[in-house]
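Since chain S is already given, all that's left is putting chain C on it; use the hints.
Take a look at the letters that make up each chain.
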Amino acid sequence: MHQLMFWEAIRRAHDEEMDNDPMVICMGEDIGVVGGTYKATQGLYDKYGPERVMDTPISENGYTGLAIGASFIGVRPIVEIMSVNFAWLAMDQIFNTAAKVRYMSGGQLEAPVVIRSPGGTAHQLGAQHSARMEKVFMGIAGLRVVTPSNPKQAYGLLKSAVRCNDPVFINEHELMYNMKGDVPDDEYFHPLEGLEVARRGKDISLFAYNISVHWCLQAAEILASQYQIDAEVIDLYTLSPLDRKGIVKSVSKTHRAVIVEEAEPTVGVGAEIMAIINEECFYELDAAPARVSAANVPIPYNHRLEKEAIPDVEDVIKTVLATLGR
Amino acid sequence: MGVYDNLNIPYSQYLDHHGQLHETCSDYTSDAKNLINFYKIMLRTRVFDQKAINLQRTGKLGTYASSLGQEAIGVALGAAMHANDVLAPTYRDYAVQLSRGIKMSDLLLYWGGDERGMDYEFSREDLPICVPIATHTCHAVGIAYAMKLRKQPRVMVCIIGDGATSKGDFYEALNAAGVWQLPVIFIINNNQWAISLPRDKQSATKTLAQKAVAAEIYAEQVDGNDVIACYERMHEFIERARTGGGPCLLEAISYRLSDHTTADDAQRYRSPADVEAQWQFDPISRLKTYLLENQFIDAEALDALQKQAEQEVEEQVKIYLNTATQPPEAMFDYLYETLPEALQSQRDEVMRKGKKHE
Numbered sequence: 000m001h002q003l004m005f006w007e008a009i010r011r012a013h014d015e016e017m018d019n020d021p022m023v024i025c026m027g028e029d030i031g032v033v034g035g036t037y038k039a040t041q042g043l044y045d046k047y048g049p050e051r052v053m054d055t056p057i058s059e060n061g062y063t064g065l066a067i068g069a070s071f072i073g074v075r076p077i078v079e080i081m082s083v084n085f086a087w088l089a090m091d092q093i094f095n096t097a098a099k100v101r102y103m104s105g106g107q108l109e110a111p112v113v114i115r116s117p118g119g120t121a122h123q124l125g126a127q128h129s130a131r132m133e134k135v136f137m138g139i140a141g142l143r144v145v146t147p148s149n150p151k152q153a154y155g156l157l158k159s160a161v162r163c164n165d166p167v168f169i170n171e172h173e174l175m176y177n178m179k180g181d182v183p184d185d186e187y188f189h190p191l192e193g194l195e196v197a198r199r200g201k202d203i204s205l206f207a208y209n210i211s212v213h214w215c216l217q218a219a220e221i222l223a224s225q226y227q228i229d230a231e232v233i234d235l236y237t238l239s240p241l242d243r244k245g246i247v248k249s250v251s252k253t254h255r256a257v258i259v260e261e262a263e264p265t266v267g268v269g270a271e272i273m274a275i276i277n278e279e280c281f282y283e284l285d286a287a288p289a290r291v292s293a294a295n296v297p298i299p300y301n302h303r304l305e306k307e308a309i310p311d312v313e314d315v316i317k318t319v320l321a322t323l324g325r
Numbered sequence: 000m001g002v003y004d005n006l007n008i009p010y011s012q013y014l015d016h017h018g019q020l021h022e023t024c025s026d027y028t029s030d031a032k033n034l035i036n037f038y039k040i041m042l043r044t045r046v047f048d049q050k051a052i053n054l055q056r057t058g059k060l061g062t063y064a065s066s067l068g069q070e071a072i073g074v075a076l077g078a079a080m081h082a083n084d085v086l087a088p089t090y091r092d093y094a095v096q097l098s099r100g101i102k103m104s105d106l107l108l109y110w111g112g113d114e115r116g117m118d119y120e121f122s123r124e125d126l127p128i129c130v131p132i133a134t135h136t137c138h139a140v141g142i143a144y145a146m147k148l149r150k151q152p153r154v155m156v157c158i159i160g161d162g163a164t165s166k167g168d169f170y171e172a173l174n175a176a177g178v179w180q181l182p183v184i185f186i187i188n189n190n191q192w193a194i195s196l197p198r199d200k201q202s203a204t205k206t207l208a209q210k211a212v213a214a215e216i217y218a219e220q221v222d223g224n225d226v227i228a229c230y231e232r233m234h235e236f237i238e239r240a241r242t243g244g245g246p247c248l249l250e251a252i253s254y255r256l257s258d259h260t261t262a263d264d265a266q267r268y269r270s271p272a273d274v275e276a277q278w279q280f281d282p283i284s285r286l287k288t289y290l291l292e293n294q295f296i297d298a299e300a301l302d303a304l305q306k307q308a309e310q311e312v313e314e315q316v317k318i319y320l321n322t323a324t325q326p327p328e329a330m331f332d333y334l335y336e337t338l339p340e341a342l343q344s345q346r347d348e349v350m351r352k353g354k355k356h357e
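The listed protein sequences correspond, in order, to chains S and C. Per numbering that gives the first Met the number 0, residue 0 is the first one in the first sequence, and the count goes up by one each step. Per numbering that gives the first Met the number 0, residue 0 is the first one in the second sequence, and the count goes up by one each step.
Next comes chain S alone, as it looks inside the complex:
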């Protein structure tokens, strides 16, 4: 077991998979010669050459479509979209082809393509570079959506995604690339379905993913030490397909739920989880479930406004206390 930074874990997964299979290639803007905006492909250009580590023209729709096409005949591309905000441009290719080609060809073709992209609010990038799009992707049938919260997951999920014959979208976060964590020294494949209990607890379930897992873990420590509240933190590293049974299991134990997301609440991850709780275990609840989400606004450019637009640990604690009637 070694400590790796998030970007190092992703880079290692690329390297191992490219070494294992000459048909694994990666592509994106500035991922080759300079090794990627977040260093996720550093050194791979020198090791595997420009044919397998492709610096693409600024053409998100074009190169995502290219990757999907290449995947039809045995290539396994890993696409980096520099910012998830630009993934809108590739949405037709992801939504209308990658997710549907097996379905619409009676199983003749499939698109084993991996698309990685960071989103999230990250120190004044402005409204057009701060979006969180996971809620859009998780609504696409046929597409798998995962979102790592730590380097081990980032490594293991990418490795599993490359081997998976379905298209997989990996939602990363711009502020997490330098986060450190333990990664097994041996090769490791993280399952593409399910959830993880990041902290066991009995009083309330906190549902989180990606960066909000860390807010919840911090909040849980404060809730334990200052309020004697034992919170369970559920890490939803798979957003699609959501692990309905795992969600129900935790709520059935704690009887209370708070969902924490960095994104705005409308038609969001929290809304979906709340619907699942209502459908599957309404009578297990001792209190109305609650959401901690961003304001329903484009992320402001101004530093102070930006900070106020998204939730923080304090918001999580306040909402938990309210849910418990304290």
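Because the hints were derived from the structure by calculation, they are not lab data. For clarity, every value in this text was computed on a predicted model and none was experimentally measured. Every clue listed holds true.
The list that follows gives simulated cross-link-like pairs (lysine-lysine, BS3-like), each with its CA atoms no further than 27 angstroms apart:
hint, chain 1, residue 1, chain 2, residue 2
1, S, Lys46, C, Lys150
2, C, Lys352, S, Lys244
3, S, Lys252, S, Lys317
4, S, Lys46, C, Lys147
5, C, Lys102, C, Lys50
6, S, Lys252, S, Lys201
Below, chain C without anything else, positioned relative to chain S:
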């Protein structure tokens, strides 16, 4: 830097609309056997096409896009491609699909609303019919990239319509094909109409072919109703790409003699007289004239080909009509490689509901 010196778009025609030959044919198109085969596949396509429309009109097929008048492009392409090349077709490319061994019953199955029809028995790497406009240009570039990466002497061929040349996908695909010098051929079936929008309102450019020049891709125009010229240009382009010559684009000028689809009524936007006038350029009748005048075939043999095509279509229609409908739960097939457990209960629910409706 200064004036770009390469904006020259050659135009080819071998066989004019009176069936007169004006150029010297290659060995391939000098051989009567090959020309008769061209004729045969064009005829099969047209008989299939008419039957499909009839099936739609009698409620036995869904909305169908006719290929009437544009058969020469596909037949020429089918002959110019190798079996292991890959085709990315639109929804009007039956001629090339039939040339490549795709079965009429599968095409009918698809238009009848069953996507198992796109699981071809032959040419299994050919793409399913691309219903969205121009999205497959990007896939074609990716497949060509894969061919190059795998060092395979194969060529990717992508067909689009005139309307598709206005889309960003098309420009992005051309740009990438140019950057990586990929073995991909773009064929534009310029049939003059994108549903109701005529060619002159689609683009201000004098040719559609010239759009490729901006990506440093060689481009030509050809008479799309002249199967001989189409074959000669496509063969040259494809073989050039196969031997590392990079991408090319060919604009084949034709005319959509039919409505856009069976859901369209073209009389709302163009006059029947204008369409009638286009029949003189029909690709099948000019080849027929040429074959007869040069005594490559006689009228009796032509009749036999017609009967043979009709018989084949009838047999294929029978296969289509006798294909059992999928059970409701088939809607979950092919969505994922293995259906996630979270969707299993939905599938069970659909099965229960389906049983009730039986």
